[in-house]
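Q: For reference, the chains in residue letters:
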Amino acid sequence: MAQAAAHPQGQQHPIKLYLVVWAWLFVLSTCSYLIDYFQLEGALRYSLILLFMLLKAGLIVAIFMHMAWERLTLVYAILVPLGAVLVFVAIMVLEANYTLLSRLSFFGLGS
Amino acid sequence: MADHALTDVREDIANVSGLRTIATDLASDRKAFKNVSWGKAMMWIFLLSDTFIFSCFLIAYMTARMSTTVPWPNPSEVFSLTIGGTSLPLLLIAIMTFVLISSSGTMAMAVNFGYRHDRRKTAALMLATALLGATFVGMQAFEWTKLIHEGVRPWTNPWGAAQFGSTFFMITGFHGTHVTFGVIFLLILARKVWRGDFDTQRRGFFTSRKGRYESVEIMGLYWHFVDLVWVFIFALFYLW
Chain H
2 MAQAAAHPQG
12 QQHPIKLYLV
22 VWAWLFVLST
32 CSYLIDYFQL
42 EGALRYSLIL
52 LFMLLKAGLI
62 VAIFMHMAWE
72 RLTLVYAILV
82 PLGAVLVFVA
92 IMVLEANYTL
102 LSRLSFFGLG
112 S
Chain R
348 MADHALTDVR
358 EDIANVSGLR
368 TIATDLASDR
378 KAFKNVSWGK
388 AMMWIFLLSD
398 TFIFSCFLIA
408 YMTARMSTTV
418 PWPNPSEVFS
428 LTIGGTSLPL
438 LLIAIMTFVL
448 ISSSGTMAMA
458 VNFGYRHDRR
468 KTAALMLATA
478 LLGATFVGMQ
488 AFEWTKLIHE
498 GVRPWTNPWG
508 AAQFGSTFFM
518 ITGFHGTHVT
528 FGVIFLLILA
538 RKVWRGDFDT
548 QRRGFFTSRK
558 GRYESVEIMG
568 LYWHFVDLVW
578 VFIFALFYLW
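Taken in sequence, the protein lines are chains H and R. Residue numbering for the first sequence follows our numbering, starting at 2 and increasing by one per position. Residue numbering for the second sequence follows our numbering, starting at 348 and increasing by one per position.
Chain H extracted, bound-state conformation (with noise of 0.2 Å):
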């Protein structure tokens, strides 16, 4: 308890943030949501999935998870792997369209 007392470490912040974060993450949600129980469709909906989806995840990973306060050196160790899965996501887009161009034009509809 001395040590700890004498090394103050860790993420102090005021509670008041993780409450407005929380609220914040409500909100989104409900609009997430929403999106379906109005059935929106198109273009608009999955844009707006993505952008709500990637806003919940920032305030996730950014306050709860604290990396807005991490030095660099973590956050650059932990956040630049995941451009490798955006490249697989690519890759396997353009996989997935050829795949279901042979199976339309080999196999017809309904295989």
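Wrong hints could be hidden among the right ones.
The calculated DSS-like cross-link candidates involving lysine-lysine, where the alpha carbons are at most 30 Å apart (straight line), are [to be verified]:
no., chain 1, residue 1, chain 2, residue 2
1, H, K17, R, K381
2, R, K387, R, K557
3, R, K539, R, K387
4, R, K468, R, K557
5, R, K493, H, K17
6, H, K17, R, K387
To be clear, the hints were calculated from the coordinates, so they are not data collected in a lab.
Here the structure of chain H is known, so what remains is to put chain R in place on it, guided by the hints.
A: Below, chain R alone, put in the same frame as chain H:
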């Protein structure tokens, strides 16, 4: 807030800023992640690897859904709940989302009280987090039971593309397992905090090492990650 974070920074590395800190940190011998204990750094690296696992599941789901010629079942209808005669789309999933976000909120506050060495509030908030997590798993079990009764299997389902069942059970099952393990570890850690292990420097039963309140933050990182994954599953599987 910024000055709080800066209090920890050592004098010799405080006068470098921006991208240069990365170069100096990584080039310094001994330790790349300054001000971050090994426990926290390892948890971050574990979470990064876990991110790749969940990414692979979601990418597999995307590939299956994009390449199938059979229509994909409409999640809005599949996961609707009928209450009092009216069908509400995705109601259970929405409630599960709010439950998990609330558990993240209580966990963030538990971490905060942990660093203030308020062991009673920390333990109580961790128990609340575990309770909300258990509620989430319970609701997921209900959802699985409902779908299995309706005839969803990993190889077939009544509404369309067969891959729907396999991706659903794989992704939500793996996420539910993460939540379950999180609840177990939360309970173990909450007991330690409640007993005052981190104040009395009592040694752990497994590692025989003295614990610190930082364990609560490391636990918090894992728990927020579980919530984070759900954000992506909710958006990409249920809403898309």
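Q: Determine for every hint whether it applies to the structure shown.
A: Hints, verified against the model:
Annotation: proposed proximity of K17(H) to K381(R) holds, straight-line Cα distance about 28 Å (limit 30 Å). For the hint linking K387(R) to K557(R), the alpha-carbon distance of about 16 Å falls within 30 Å, and the restraint holds. With a C-alpha separation of about 19 Å, the suggested pairing of K539(R) with K387(R) holds against the 30 Å cut-off. Distance check on the hinted pair: K468(R) and K557(R) sit about 21 Å apart at the alpha-carbon level, within 30 Å; holds.
For the given pair, K493(R) sits about 39 Å from K17(H) by alpha-carbon distance, which is inconsistent with the 30 Å threshold. Between K17(H) and K387(R) the alpha-carbon distance is near 24 Å, which keeps this suggested pair within the 30 Å criterion.
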